[in-house]
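Student: Please take these sequences and the hints and turn them into a complete structure.
Going down the list, the protein sequences come from chains P and Z.
Its first residue numbered 168, the first sequence is counted upward by one per residue in the working numbering.
Its first residue numbered 229, the second sequence is counted upward by one per residue in the working numbering.
Note that these hints are calculated values from the structure, not bench results.
For every residue, glycine included, the Cβ atom is placed at its ideal position computed from N, Cα and C.
Among the hints, erroneous ones may be present.
Claimed, not checked - If we take Cβ atoms under 8 Å as the criterion, some of the chain P residues that face chain Z in the derived model are:
| # | residue |
| --- | --- |
| 1 | Pro174 |
| 2 | Val175 |
| 3 | Phe189 |
| 4 | Phe191 |
| 5 | Ser192 |
| 6 | Pro193 |
| 7 | Asn194 |
| 8 | Glu195 |
| 9 | Lys219 |
| 10 | Asn221 |
| 11 | Arg232 |
| 12 | Asp238 |
| 13 | Lys242 |
| 14 | Phe262 |
| 15 | Trp270 |
| 16 | Leu272 |
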Amino acid sequence: MSKILSPVLLLVFVLASCKDLFRFSPNEIRLEESEKNLNARNIEKIQALPSKSNFKVAIIGDSQRFYEELDDFVKHINQRNDISFVILNGDITDFGLSKEYQWVLRSLQKLHVPYVTVIGNHDMLANGRLVYKKMFGPENFSFTYSGTRFVLFNSSSREVGYNGTLPDLDWLKKEIESDPVNKILPISHVPPFSADFDQNLSEQYARLLEEHGINLSVHSHDHSFSMTEPYHDGVTYLVTPSMKGRSYALLTENSEGYEVENVEF
Amino acid sequence: MWSFRWIILTGCTLLANFSWAQDSSRSKWLPDYAKLQYAGNIGFFSVGVGYENKKGTLEGDFFYGYVPESVGGVTIHTVTSKLNWHTFGSCNSGSYKIKPFTVGVLASYTFGKQYFGFSPENYPYDYYKFPTAFHAGVLVGGQANKRLGGNSSIRKIGLYYELLTFDTEFLSYLNNTHALRLSDVVSMSLGLKLSFK
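Tutor: As structure tokens, this is what we get:
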């Protein structure tokens with residue numbers, strides 16, 4: 168028996184050392200060190216960039232299961248040399264599985280510029296929220312670059328049964344009011360006029376922006392580019408295209424605010 | 229969690245029975261074999277019992293699989309049913325029997341309030357197209373068994389391997405054959421089979 172068992176055990180041992188060959192559940196979360204805390208790491212890189220007026224940021228949403236489009240997007244961004252960083256605005260994955268997060272990350276890590284991601288409703292499925300936390304960090308976060316304070320947050324209210332916790336408007340208000348110097352740019356996945364955004368909070372959200380002189384709010388989720396002023400209060404709501412549609416929103420900062428273009432790739 | 233405890237309890241009772249279950253006293257309801265499996269997307273380790281047809285070409289398994297948080301990042305409890313067909317090429321050599329080409333299907337259910345089987349409240353019908361608690365997969369593999377002498381209750385001991393893929397990941401691959409690799413969506417399991425007849 169031992170004649171048979173020892174090579175078998177050896178084989179088992181060799182195979183067991185191939186981490187990716189053996190998986191224990193679609194719902195498992197096994198990340199490498201290089202796959203953790205990535206928003207903070209990228210923000211560090213963004214803040215190390217030289218300050219620049221008229222900087223450009225590419226914002227796109229809903230990579231979901233569009234891996235080939237994502238690869239093309241990364242190639243396109245790498246061919247441009249005028250983009251400071253990229254924001255993937257939610258629905259990084261389709262089923263919230265850590266494998267999907269890792270596949271998307273494999274492409275994002277090929278970007279020559281820094282990137283940050285925002286959590287979307289699909290990213291909250293199964294253990295997705297926990298994967299996001301480990302891989303990217305807190306769901307609500309902010310950073311400043313060249314006179315703009317980017318305020319990124321979770322607005323997928325439907326996922327928590329509209330319990331009033333998403334979006335966290337108290338947090339948002341504090342973020343906005345803590346920075347009287349820089350322009351504020353709020354960014355979240357679900358737009359406030361969507362049924363997936365807590366409709367008890369949408370007016371409050373709009374008022375918060377209007378009262379603080381914010382003139383642009385950036386979202387995704389609807390899979391097509393639009394620029395509207397749904398609350399007729401002087402605040403423009405941008406909905407970025409999705410990865411599937413092979414186009415992204417290009418924001419160019421200027422003294423007034425931001426110029427927005429829909430760029431195909 | 230009552231259902232989970234019930235499964236463990238039943239599993240333990242069945243396994244305890246095997247130690248004294250001799251052929252003469254064997255109830256036909258007792259499982260034909262028990263399995264211990266490593267990996268395969270149904271647990272870090274899984275224990276299962278099952279039945280097979282007389283020729284040993286068809287197996288029906290029922291597994292409980294566990295992933296500890298230290299291994300899988302979260303604690304996971306999964307039950308799985310599996311149907312295997314040992315198709316062709318089976319051969320005997322002495323006390324050994326090799327079944328080199330197996331195909332199978334499996335379906336699993338993972339316990340936990342973060343997973344849903346059917347679109348939960350708060351969602352319009354069909355909002356998410358796939359349930360997160362259920363997963364289905366297909367597999368290919370092989371098995372080797374050795375008949376043991378003596379009158380132990382374990383009549384055969386076997387080893388098997390499987391290569392498998394499951395619904396959502398395979399679908400992702402089909403839509404992205406350039407961006408994803410087959411190795412991204414195929415994983416392996418290794419298992420031990422103890423036959424009681």
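Student: Among the hints numbered above, which are violated by the structure, and what are their numbers in rising order?
Tutor: 1, 9, 10, 13, 16
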